[in-house]
Amino acid sequence: MNLAISGLSSPAARFASSGSAPMPLRFGADMKLSGHAVVNRLSRALPALAADLLEVAACIYAIDRLVPRPAERQRPLGVVWTRSLWADIPVREPDRWCQQIPLLTQLLHWLTDDDWVLEFSQLQSGAGVLDTSQQYLFDTVPPDAMPVLFSGGLDSAAGLAVELLHSDAVGVSVHTNGWMWRVQQRVLAALNEASHHQCVPLRYRVSVRDSTESSQRSRGLLFLAAGVATAWAVHQDHLRVFENGIGAVNLPYIRSQQGAEASKSVHPLTLRLVQDLASAVSGRTFVIDAPAIALTKAELLRCTPSAAREALGLTVSCDVGFAARVPLHRACGACTSCLLRLQSLTAAGLTSLLPMDTHERRGHDREFNVNAMIWQVTRMRACLDSPEPWRRMVSEFPELIRVPTLTQREVVRLYRAYVKEWDSNKDAVCAHGLARRESRTVALCLKTPKAQPDNPRR
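Heads up, the sequence shown is in the working numbering, so the first residue is 1159 and it goes up one at a time.
Please note that a few of the clues may not be correct.
FRET-style restraints, in silico, Cβ to Cβ [to be verified]:
1. P1180 - N1335: 25 to 33 angstroms
2. I1412 - I1559: 16 to 24 angstroms
3. D1302 - S1464: 24 to 32 angstroms
4. R1367 - P1301: 21 to 29 angstroms
5. T1563 - R1460: 15 to 23 angstroms
6. W1548 - S1373: 26 to 34 angstroms
7. E1230 - A1195: 39 to 47 angstroms
Hints are computed from structural coordinates only; laboratory data are not their basis.
Glycine included, C-beta positions come from ideal geometry on N, C-alpha and C.
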């Protein structure tokens, strides 16, 4: 199936990992990138530079998903999970992109821990998957609407609710399945219903066929590229990202987490590097703003208007992805994102938005995750109670050195607030999990067992 809006076949990119021969990466066959919803809503084609950026990010995301990381027993001594990756990606302006290879490879190494070698070749005119020959007459986006990233998660909904108190917005979303888009639709509809200003939704669809790697560390680049590209399409050089500081910095919970094993999708340095890349490629200053970067998740939630509470309850914050792909969107309740959501809603006094039910899934040990989060908070408390809290925090969490947008005082204040929230709500978080397990046990005892069909794959 060819998803090129122009109807033309897009030439294949090529990629390889260490020790393998180059393989083609074809839009419409190996991966899908659809921007027709954005083009139709904007009533204008994407600028060439915007289309290049999004197609490059989509190719990188696909390669990241298609090349498995080495298993632990296959890794050389001292190597975590690094891959050596090469890619040749057709673009409309290869000379412009070749000049930015050092900056782009620096960004990719920071995000993925991998060593990337990139090349750019000439894309035939009109052959890109995001090209269109259709002419448009009308523009449906309100003037001066702020481009914002919208994922359907709690932070993006809370930040957007605050944004809509002051101005219209253009909500840029990337979804990989239909249920994810339905979640985003429902949350946006509820926010628009509760707000005086309106958010125009613009969405891209991306999927990779036969992917084998689940880490998806380039996912942040894909989302940010969609935001930057759409901002250019609406003639703006500004993008707003709503993420609390605790989630954005995402300090490792345990010492065995190294590098990008703790995701850096919206880390302050990631935002700075993407901002620098957008500025360098376009030749104009581009700004990525993160207004909640100095706040905890609970502090961000307290800023939201009461009228938006219903919309917040529709959001999904689960790591396992299951919650975004099935009806009712039940979260697992065990991953660190679910636990941080629980802790933050409790600390913000919004317990009415806590899920009544969750879906347990293998791969996430709730007790282990709770203990890891509490141990991290314990280490933070010891640092923050010392005479030199900043130096102690950096000694315990050296990752804090790479937070360019916060001062030392802001970092200390942020984590003191976070520790205080945990101290006040730790028992509630643990009790919520216990009550959930007890209610599930009772339900299982009362439920009449059904005969299970024979499973030939068992």
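To see whether the hints hold, each was checked on the structure:
1. Distance hint for P1180 and N1335: a CB-CB separation of about 30 angstroms, consistent with the stated range 25 to 33 angstroms.
2. Take I1412 and I1559: their Cβ atoms lie about 19 angstroms apart, and the range 16 to 24 angstroms holds.
3. Distance hint check for D1302 and S1464: the Cβ-Cβ separation is about 27 angstroms, which falls inside the suggested range of 24 to 32 angstroms.
4. Distance hint check: the CB atoms of R1367 and P1301 are about 40 angstroms apart, inconsistent with the given range 21 to 29 angstroms.
5. Distance hint check: the CB atoms of T1563 and R1460 are about 22 angstroms apart, consistent with the given range 15 to 23 angstroms.
6. Taking the beta carbon of each, W1548 and S1373 are about 32 angstroms apart, inside 26 to 34 angstroms as hinted.
7. Against the hinted window of 39 to 47 angstroms, the Cβ-Cβ separation of E1230 and A1195 comes to about 41 angstroms, which satisfies the hint.
In summary, the one numbered hint that this structure violates is 4.
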